Amino acid sequence: MQKLNYYIFLIFGGLFLFFQSAFIVMQTEQVIVLQFGEYVRTIKDPGLSFKVPFVQSIIKIDRRLLSYDLPPRKITLGDQKFLVLDSYTRYRIADPLKFFKSVRNEHNAQNRLVPIIMGRMQSALGKSSLSELLSVKRVEILDDIVTGVREAVAEFGIELIDVRIRKADLPPENSKAIFDRMQSDREREAKLLRAEGEERALVIRADADKQVTNILSEARRQAMILEGTAEAEATKLLTQAYSQDKHFAEFIQRMRLLQEAIQSDTPLYLSTDSEALQGL
Amino acid sequence: MSFDNNPWGKRNRNNKGNFDLNRILEQFNGIFSGKDGGKARKTPPTKRTLFILSLIPLGLWLASGFYKLLPYEQALVLRFGKWVRTDGEGLNYHLPYPIEIVQKVPTGTIHRMDIGVPSGSQNFPSAEEHIMLTGDENILHIGMSLSWQIRDLSQFVLISQNPIDTLKVAAESVLREIIGHTKTVPIISRSGWGEMNQQVQKRLQVLVDKYQIGIRVVNVELHTALPPQPVADSFTEVQRAKTYQEQVVNEALSYANDKIPRARGEREQIIQSAQAKATQTVNIAKGKSERFKAMYEEYRKDPELNKKRMYYEIMSGILSNNTNKQIFDKSLMKGGILPHINLNDSTLRKKKDGGQ
Chain A
13 MQKLNYYIFL IFGGLFLFFQ SAFIVMQTEQ VIVLQFGEYV RTIKDPGLSF
63 KVPFVQSIIK IDRRLLSYDL PPRKITLGDQ KFLVLDSYTR YRIADPLKFF
113 KSVRNEHNAQ NRLVPIIMGR MQSALGKSSL SELLSVKRVE ILDDIVTGVR
163 EAVAEFGIEL IDVRIRKADL PPENSKAIFD RMQSDREREA KLLRAEGEER
213 ALVIRADADK QVTNILSEAR RQAMILEGTA EAEATKLLTQ AYSQDKHFAE
263 FIQRMRLLQE AIQSDTPLYL STDSEALQGL
Chain B
1212 MSFDNNPWGK RNRNNKGNFD LNRILEQFNG IFSGKDGGKA RKTPPTKRTL
1262 FILSLIPLGL WLASGFYKLL PYEQALVLRF GKWVRTDGEG LNYHLPYPIE
1312 IVQKVPTGTI HRMDIGVPSG SQNFPSAEEH IMLTGDENIL HIGMSLSWQI
1362 RDLSQFVLIS QNPIDTLKVA AESVLREIIG HTKTVPIISR SGWGEMNQQV
1412 QKRLQVLVDK YQIGIRVVNV ELHTALPPQP VADSFTEVQR AKTYQEQVVN
1462 EALSYANDKI PRARGEREQI IQSAQAKATQ TVNIAKGKSE RFKAMYEEYR
1512 KDPELNKKRM YYEIMSGILS NNTNKQIFDK SLMKGGILPH INLNDSTLRK
1562 KKDGGQ
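Protein chains in written order, with the working numbering: chain A, 13 to 292; chain B, 1212 to 1567.
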């Protein structure tokens, strides 16, 4: 019976020791091992690990990509415009020992990150204007900030992956001014559109009128040429005929004129002297 | 057995069941102990029996490692917390708990998230909501929907603390960056959307790859771009101006379309009439000249006679047709008085004879 108790004691004791010394390092974690508070080693390989029971203790530190969204902050730009910046950062704990020594946990780390990032942002953005920040230069400016912050946070054992501006809005006080400008911009655009419409319409109308005039004058030119040619032909024919006897031609024409000039109701005052009435 | 007659017969069956179970146990014991069943009833279990009995939970434990995955699922296998592999659909096996654990995730699913103005929202966004700054320093309400899928499960679960949140802020950041590079007009008019979608998707994927969160950006779709309410009217005014422009241009075009064909018709009319007139002129001249030639041919045979004859013929034609003629005697005209005889009433056969 005593022997059985001994075995049971051995088994449970062994198990107890096993659970005191073995521990699991998750894929998402890294561990620093301390011996009476003194640093011994860092375990970065996930899986089953062992430590000296009772003497050594472990501290688990996240090794994933950590996120922190910075609180919105008002920043003055180089052109004296204000901007409310909402930025975020993504970082990773690269050196767990340094991290543990300097900030101990993520919460403290974030508190330390804020002034560093904000300081860099202010100094970098304080040199650039809003239009630059909205241009392709934004990437450049942000890269500078990231480089600066990365160097500064290395001493906390933090590897900075990125700092980015999530939102960059003008403060609400400025909205009124912007709205006014947007409105006047739009009104200007609308006026221009209307005037351009009138312009195009006038050009089209004027062109149409010009075409009409051109078409008609061209037609008249052709008409005159036709008539002139015909007159010439007529003159030629008549000259040919009348030149045979000019006096007779003149006589004929005079007679025709008389015939045409005196209508049936034209008042005629005839003297008995006239050739036709001489017989009286 | 007072319950033998129980209509339900329950007790009876239970008894039977018990009896059967007992018998089976006996048989088992018999088999394990190598003796005949029934006789081993009082024999204590040997070491070998215990060993073999202990294999049953072991087997069950080992069998607990089988698991199945549906076609849209994947599972991470972690051995003592260390990632060893990712399993796909079908029947899989992992070393039983606590050596290996699996984490099933529906990786096939395409997720959707809204950035900025939520899609399908009917209300006008409030002044401070989802506003973004455009390249020409205007403010617009922008909404985009984003679909994504897990590309690398191990990265998605193990590398980032909260990958979905990371995706969201990254998407927001990229969207604002692209909006910040773009002018207001192509955003409002939607003409720049295609290109913007592509840019956002491309840049976001680059960023997500940099963060290694194992996400594939499937699609990016802008769905809303509205001017803020206080200035919405002026944007409508621009639309109205565009319509007006089209209208006046169309009116002018219809004016041109009305006038020019008419002018072409008029041209034809003028030319045709000139041609007709020209032909007429020439024909008349031809006629006159022919007539003259013909007359002259006869006239010259006795010019004096013919001249007289023609004169009198014409004068008689004129005078006989005229109804308003007055004839004066030459002798009366000497006193400066002009007496006249109205011959209108008289019925004269010949003007030569008529008169006094």
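Heads up, a few of these hints could be off.
To be verified - Keeping only pairs whose Cα atoms sit at most 20 Å apart, straight-line, the calculated EDC-like set for lysine to aspartate or glutamate is:
id : chain 1 : residue 1 : chain 2 : residue 2
1  : B       : Lys-1394  : A       : Glu-144
2  : A       : Lys-139   : A       : Asp-98
3  : B       : Lys-1497  : A       : Glu-144
4  : B       : Lys-1518  : A       : Glu-245
5  : A       : Lys-86    : A       : Glu-144
6  : B       : Lys-1293  : A       : Glu-262
7  : B       : Lys-1518  : A       : Glu-272
8  : B       : Lys-1497  : B       : Glu-1509
9  : B       : Lys-1488  : A       : Glu-239
10 : B       : Lys-1488  : A       : Asp-57
11 : B       : Lys-1413  : B       : Glu-1509
12 : A       : Lys-72    : A       : Asp-57
13 : A       : Lys-93    : B       : Glu-1348
Stated by the list, open to error - Where chain A lies over chain B, by a calculated footprint (3+ residues, C-beta under 8 Å):
id : region
14 : 1258 to 1268
15 : 1456 to 1464
16 : 1507 to 1520
Unchecked claim - These stretches of chain B come out as covered by chain A in the derived footprint (C-beta under 8 Å, 3 or more residues):
id : region
17 : 1353 to 1364
18 : 1418 to 1430
Just so you know, the hints here were simulated from the structure itself, not pulled from any lab data. Computed from a predicted structure; not experimentally measured. Think of the CB as a built atom: it goes at the ideal place given N, C-alpha and C, for glycine as much as any other residue.
Would you pick out the hints that fail for this structure and give their numbers low to high?
Violated hints (numbers, rising): 3, 4, 6, 10, 11, 14, 17; every other hint is consistent with the structure.
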